Amino acid sequence: MHFGVSPHLIVKLHPVVLTTIIDSYERRNDCQHRVIGTLLGIHEKGAVEVTNCLCIPHNESEDEVAVDMEFAKAMYELHKKVNPSEVIVGWYATGADVTGHSVLIHDYYSREANNPIHLTVDTTLSEGKLSWKAFTSCSFGVPGKNTGTMFTPCKVEIVCYAPEQVGLKLAQQTKHNKQRSVEILPDLDLISNAVEDMLGLIDVVIGYIDDVLANRKPADNSVGRTLMNIVQSIPQINPEEFQDMLNSNKKVDSFYRKSTYCSGSHDTTSGKFLWIFTDHHP
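All residue numbers for the sequence shown refer to UniProt numbering, where the first residue is 1 and numbers rise by one.
Some hints here could point you the wrong way.
Unchecked claim - Capping the alpha-carbon separation at 27 Å, the derived lysine-lysine pairs in BS3-like fashion look like this:
(1) 217 x 175
(2) 129 x 80
(3) 169 x 155
(4) 133 x 155
(5) 45 x 155
Think of the hints as simulated: they come from the structure by calculation, not from any bench. From a predicted model like this one, the values you see are computed outputs, not experimental measurements.
Take the sequences, apply the hints, and build the full model.
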């Protein structure tokens, strides 16, 4: 028996894709139990970055599925005029599992993209939370006779642009509010909160370093190199210049701009700290 080989891709998924899929699911017709759509993004070496998506109308029953392919093509052509760098990389469907109709839909996208990915988003929360999976297809069967299609899972990584990260942090704050709303803080308050978060992460880093020096934890070369890169990437401000900016009304604007720059680098730095201590030292 012959099995087609599917390359092991990493799917880099942006949060805006998930929120768009959830929004289309919430707006679906009452008779629809799921929604499908086109995934857009860019191809990288050994990876596919999914940056956008388009919802596609379809009708589905137990026996058949009908997808409005003309609508899908028209929407993609319009999208290309705004984002010419984004190409079709696959398709998505809501639901926990790959269905029998998925093969038919995947066959269409196989003509539109090379080795398209199939993303499933479990909007039913069958696992108690929102979950997602990505697949590529490969053929199997006896050469010259009947063949079939098998979906093999891919590794999924969530990646963010800076604006997406800001939006996610703001959205996460709504879970502590009964009205599920949150007030956008003034810029200086945001800077103050960012500094407090950074101080907390620095305490975690210092605690880890102390444990390594006291031989309570083993040293990790990759963590050491990453910490060194973080330290070298932090903007350096002369203490005397900083104090002068605080005491001079004429230089408030300069102080504000430098503070904003430093707080902007906070997201990158704190993100690296979190990556170290979640991926390497839980």
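Here is how each hint holds up against the structure:
Between residue 217 and residue 175 the alpha-carbon distance is near 35 Å, which puts this suggested pair outside the 27 Å criterion. With a C-alpha separation of about 34 Å, the suggested pairing of residue 129 with residue 80 is violated against the 27 Å cut-off. Taking the CA atoms of residue 169 and residue 155, the gap is about 24 Å. The hint holds against a cut of 27 Å. As the CA atoms of residue 133 and residue 155 are separated by approximately 8 Å, the hinted pair is consistent with the 27 Å bound.
This hinted pair checks out: residue 45 and residue 155 have alpha carbons roughly 14 Å apart, not beyond 27 Å.
In terms of the numbered hints stated before, the structure departs from hints 1, 2, listed from lowest to highest.
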